[in-house]
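**Q** Residues per chain, in single letters:
Protein chains: 2
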Amino acid sequence: MNKFFNPSSIAVIGVSQKPTNLARNIVKNLTTFDFGGIVYTVGKSGGVYSGRKIYKSVLDIPDEVELAVILTPADTVPGILEECGKKGIRHAIIESAGFNEFGEEGKARTRLLMEVAAKYGIRFVGPNCIGLMNLKNGLMLPFLIFQDNFVRGNVSIVSQSGGVAITLLNVMAAEGIGVSKIASIGNKLNVDENDMIEYLIQDPDTDIIVVYLESISDGRRLMELGRSSPKPILIHKANIGRLSSSVAASHTAALGSDDNVVNAALGQVGIARFYDRQTLVNYLKVLPLPKIRGNRLGILSRSGGHAILAADAAETTGFELAEFGEAFLNEVQKHFRANVIKLTNPLDLGDLFDYDVYLKIIEETAKQDGVDGVIFLHVYFSAAEAEPSRVLIEKTRELSFKYNKPIIVCVTTEEEETCRLRRSLQQPVFTSPLEIVKALALVRDFDYGPRKKVEKPHVVVDEKGARSIIEGCKSEGRSPFLQEGLSIFKHYGIPVVETLCVRSEEEAVAAAEKVGWPVVMKVVSPDISHKTDVGGVELNLRDGRSVREVYKEMTRKIKTKLPSARIEGMLIQPMIGGGWEMIIGAKRDPNFGPAVLVGLGGIFVEVFRDVAMRVAPFSRDEALSMLKSLRGWQVLAGARGRMEYDIEVILDVVMRLQRLVLDIDEIKEVDINPFLVLHKGHGGMALDARIIL
Amino acid sequence: MNKFFNPSSIAVIGVSQKPTNLARNIVKNLTTFDFGGIVYTVGKSGGVYSGRKIYKSVLDIPDEVELAVILTPADTVPGILEECGKKGIRHAIIESAGFNEFGEEGKARTRLLMEVAAKYGIRFVGPNCIGLMNLKNGLMLPFLIFQDNFVRGNVSIVSQSGGVAITLLNVMAAEGIGVSKIASIGNKLNVDENDMIEYLIQDPDTDIIVVYLESISDGRRLMELGRSSPKPILIHKANIGRLSSSVAASHTAALGSDDNVVNAALGQVGIARFYDRQTLVNYLKVLPLPKIRGNRLGILSRSGGHAILAADAAETTGFELAEFGEAFLNEVQKHFRANVIKLTNPLDLGDLFDYDVYLKIIEETAKQDGVDGVIFLHVYFSAAEAEPSRVLIEKTRELSFKYNKPIIVCVTTEEEETCRLRRSLQQPVFTSPLEIVKALALVRDFDYGPRKKVEKPHVVVDEKGARSIIEGCKSEGRSPFLQEGLSIFKHYGIPVVETLCVRSEEEAVAAAEKVGWPVVMKVVSPDISHKTDVGGVELNLRDGRSVREVYKEMTRKIKTKLPSARIEGMLIQPMIGGGWEMIIGAKRDPNFGPAVLVGLGGIFVEVFRDVAMRVAPFSRDEALSMLKSLRGWQVLAGARGRMEYDIEVILDVVMRLQRLVLDIDEIKEVDINPFLVLHKGHGGMALDARIIL
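Residue numbers (our numbering), protein chains in the order written: chain G, 1 to 693; chain B, 1 to 693.
Treat the hints loosely; a few may be bogus.
Identical copies look the same in the list; a pair holds intra-copy or inter-copy alike.
Within a straight-line C-alpha distance of at most 20 Å, the following computed EDC-like cross-link-like pairs (lysine to aspartate or glutamate) qualify [claimed, not checked]:
#1 Lys668 - Glu484
#2 Lys56 - Glu415
#3 Lys628 - Glu581
#4 Lys136 - Glu82
#5 Lys367 - Glu398
#6 Lys18 - Asp354
#7 Lys438 - Asp276
#8 Lys53 - Glu549
#9 Lys402 - Asp369
#10 Lys18 - Asp351
#11 Lys464 - Asp75
#12 Lys474 - Glu101
#13 Lys28 - Glu385
#14 Lys490 - Glu648
#15 Lys334 - Glu606
#16 Lys395 - Glu417
#17 Lys490 - Asp652
#18 Lys18 - Glu385
#19 Lys490 - Glu331
#20 Lys680 - Glu415
#21 Lys360 - Glu507
#22 Lys28 - Asp646
#23 Lys559 - Asp276
#24 Lys3 - Asp205
#25 Lys136 - Glu363
#26 Lys107 - Asp351
Read the hints as simulated data drawn from the structure, not as lab findings.
Please build the complete structure, drawing on both the sequences and the hints.
**A** Pasting the structure below:
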């Protein structure tokens, strides 16, 4: 991968003598940014451009070429890549469009391209991209002309869209955030986001990795990279629109869209997901500072209004206002000119106009053990106070590292002055108290860094038993029936309600006697998947007469509604009182593999869609954090003096369900809906089972 | 009020010859901004400043003075105002701090100040503010030195904080949004936000009113102004932290914080509330354009990535992507150079580089009936395409008004170029597809403009009957008992469960026979307000033996727990099955008066705090919109084929409860918790009543 970002020689292919030729812009950019390697120009019509001979083919170049950059009409690209192969070039960037994104014609071209690349072992970036940039060596390969208004730094960007990459560059330039490398990966037919992320993780010039994606190439590998990365990775995964829920067969799949799986997967391995540029900027500004280690902010302000805005923001992001110590307050008291302001947190500096005193107060605030981060809200006009303000901000950077706490200044001044500060200072410059507090909250809640690989849950299961049922279903080309599903659960140690399958009224009554009154009756039919919709479930049957009647009546009704449905009998289960109904399920995501979902039933899922997801395998601790992330956690934990439910049994079922979907690939979706959880110590049981192969 | 913004002569009081004197800055600002009236300088030490005599007192000024601007130490202010009064000045701005915000000393000064103002009929702005600005006549009264980097326009600002006013000005300057008048009102002891808003509503130079408040002076008047204003009013009400819920006696007060009342009040009269500057900027940019009248967006993009971002944003804000007509697509097809891109919405303009064609496509898009708004996502670098881009944006403004639909351009270009565009163009310039879509959603959902005053609900009630109960309670210095509360409800036509008060076991059994089995028993005691907590409620008593037993047992238990509690007997109510429990209540807000709250019971309020509020009086339609705003509305409306509940009875109770709190001022809080609503056509009833006087 290093050859892509540090080639000693480049051939830019597609250059012509026409002034509108786009490949010329690549050469111009390399000149503007003073690229350190040799640049050759290639174009089928030959000629001269910018003092360079335009070779008609790469084969005509007398020297070795490490990287080819191709911007020619799509149908010429496979042939040109073939020539590159013959020339011994093993790295290429294809900026041309017109491949797999462009109908049948493009797809044929794509196949050809892939064949050539495979034949010569060429690795290539693109097609349909604006190429790579490395600000350290002046490698600037986009076909749009860039001016050098970049700040150099240690943030690198991988973007599926060239346009979005440019937006990010503009935003970072405006905010004074330093850039290192940029990769526009386009259709990512060969080199994909994971290749780039892997490279950047070990790149010494990169501290933070920002990624924009419209699709995910290999979710499991992305998770692996996230899990092992010591550097923060921030991903904007766009294209949330095409939800899969409309085609979902199970409740789990309907509740847990593909996008929810992405959220779960990234969160589990410590990759931050963002949706808007303000959030990205907030991350990028505060991540390089010492991390905030607690919840207590000290707020100092030249304006009472801004202090209130910061306090409001603290309230909505879970921060507290630190309690300032007596000694500190006495110290500060000494420095006030007119004693016009109350000494509280936020501390309103009122009519105190002395930058040395400001710094002293900032330092005294940072020194206190009870303070985890300091915000200084500054209001000034550049005409009078530009220089002392600049010094103040620089000093807060020193103090920040001295006391190992974030100390951040928010400036209210003219736009031009803000821009100047951002371009000249290393310390981040904010203009909104709200955004500072949000940024601190983002970083406080962002837990990145290497973490252990999670193994399949260690639970005793009877995989063989479960498999034999599934093989049976497969041989009949169908998904398991309810009683088979429950039986699979049993093999995996998931408690299930006692369920008897009966084929007559007499058997039904006997079964009811056996499981205990009152009972529930459910129809068994290979042709009915939503039993409730056809009247195939009756609850709370209290005696033999009801059981017989319902048996007859249910059979009659279903035969009328669905004359073709084969009724194979009825299931009898005891009617269990008390407890809380939950949904526990799993689905297999094409990108990330099996994901497990859990939520409380009833209005929690129906109205509020209050569910949590994780990609398997994950630990029991993670399962608990899933439960705790639910709004319904309060109910499970026994809020307001009510009894606690049996959390342990839920965790156990979640672990066993993971194991089931990890063991048996044929399972596409599973629902335990409902799983009835009883009060603490009393366990719980699956009342229904829905397994889709 | 006009004299404040258009005085023909001003005395700036507090000017001295010291270079650090702050009042001099006021004079400087008036000079910089070329104020059109006469400026006199006043200061107790006399002398000369800037070619002007410094008068020792306003009384020494030989001519008439219309407005005094005072910036002197707080303790001198009342005396100076007295002199102003004698001089015949009736308008003053007091910028000095040290009044009611500053301890007992300040409060005494404040009383003096108010007396002087009353004596001479002086209206004053402040104290503790940075004064007023009127960009039309150069009236610039802040004591901080301003440079003229303002864009002139029709947005006026009222701000309780000077610092926040400056922030807003900087933000608007950076975004190229034009400003008209700014009022920093500080402690607003005399002229308050309502006076300013009232003035700005009729001010011909103001089209949009932006307000920043930390407290609300008179909520009812603010609502009146909002209700009658034809101009949009946007309010940032900060200081949300000090919630009143901790001191709430009823559930209604606990659930409906003061801040929720503010939300309800502003929303009802068509005032928009915002919390961050990005939202404000979005409003200010899109409000002056033709309003979007539907949900269907046409998105045109030079970058596929930005198109996806816009589509994602549309999905999350309830917009749809318009279906482009066949004729339109054929027309567009003609103009493509290489046919590389699919013709869909979003329309990716791909490799088409022709500004005339862009404009033609924009116009064709806007023309379509099925399109309510158009977004053009533009990516360019200023070196090559600054001029055509500028022309394009200007033309979209014309098209916007021609087709009476918002057409907005998002530019991705260098920061400097964006700033240039913003300063030179009238058309708003966005840099983020997400923010455009959010801005369109804000304006789509913002229903401002004059609306009818709502009368007290016209329902037949027996006010006298209710009053006599309340008088009885008042004479005993207590709030009503449950059965009195229910009786008050009855007088107001609110259906209540049949409730009999008994004083012995025998009476209890007889009462149970009368109301019908099973029954509920609740203790009656003037000393117990939370009955459940002391075991004072028992449900589902099925026979005489249970009633007797529970009567004895409850009495015994309470006597043990609370020996001093007087037990006056028990209430017997029938146990009603089915239905859904709701909470309906009201509280009296110190700023806005009575506010009504409604929500579904159980986890809807306990876990999700899913409640709606409105300030009384409000219409039955508004009551319905309250219910519809609840997440629980789906349950009431009978989601998923379930039975609908009796919405009519809820609306009726809400109207009657409004009437009750509007009629009887003594009621501080009321809870109907629970109100049991039955299925459609079956009504509902209050099961409990809690009235706090």
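**Q** State for each hint whether it applies.
**A** Comparing the hints with the structure gives:
| no. | hint | verdict |
| --- | --- | --- |
| 1 | Lys668 - Glu484 | within (16 Å within a copy, 61 Å between copies) |
| 2 | Lys56 - Glu415 | neither (51 Å within a copy, 40 Å between copies) |
| 3 | Lys628 - Glu581 | within (17 Å within a copy, 27 Å between copies) |
| 4 | Lys136 - Glu82 | neither (31 Å within a copy, 69 Å between copies) |
| 5 | Lys367 - Glu398 | within (13 Å within a copy, 59 Å between copies) |
| 6 | Lys18 - Asp354 | between (62 Å within a copy, 18 Å between copies) |
| 7 | Lys438 - Asp276 | both (13 Å within a copy, 12 Å between copies) |
| 8 | Lys53 - Glu549 | neither (94 Å within a copy, 107 Å between copies) |
| 9 | Lys402 - Asp369 | within (14 Å within a copy, 63 Å between copies) |
| 10 | Lys18 - Asp351 | between (65 Å within a copy, 17 Å between copies) |
| 11 | Lys464 - Asp75 | neither (53 Å within a copy, 90 Å between copies) |
| 12 | Lys474 - Glu101 | neither (37 Å within a copy, 78 Å between copies) |
| 13 | Lys28 - Glu385 | between (41 Å within a copy, 17 Å between copies) |
| 14 | Lys490 - Glu648 | within (17 Å within a copy, 49 Å between copies) |
| 15 | Lys334 - Glu606 | neither (60 Å within a copy, 49 Å between copies) |
| 16 | Lys395 - Glu417 | within (18 Å within a copy, 32 Å between copies) |
| 17 | Lys490 - Asp652 | within (13 Å within a copy, 53 Å between copies) |
| 18 | Lys18 - Glu385 | between (53 Å within a copy, 19 Å between copies) |
| 19 | Lys490 - Glu331 | neither (69 Å within a copy, 63 Å between copies) |
| 20 | Lys680 - Glu415 | neither (60 Å within a copy, 60 Å between copies) |
| 21 | Lys360 - Glu507 | neither (86 Å within a copy, 77 Å between copies) |
| 22 | Lys28 - Asp646 | neither (68 Å within a copy, 73 Å between copies) |
| 23 | Lys559 - Asp276 | neither (55 Å within a copy, 61 Å between copies) |
| 24 | Lys3 - Asp205 | within (15 Å within a copy, 62 Å between copies) |
| 25 | Lys136 - Glu363 | neither (36 Å within a copy, 44 Å between copies) |
| 26 | Lys107 - Asp351 | between (70 Å within a copy, 19 Å between copies) |
When the structure is compared with the earlier hints, violations turn up for hints 2, 4, 8, 11, 12, 15, 19, 20, 21, 22, 23 and 25 and for no others.
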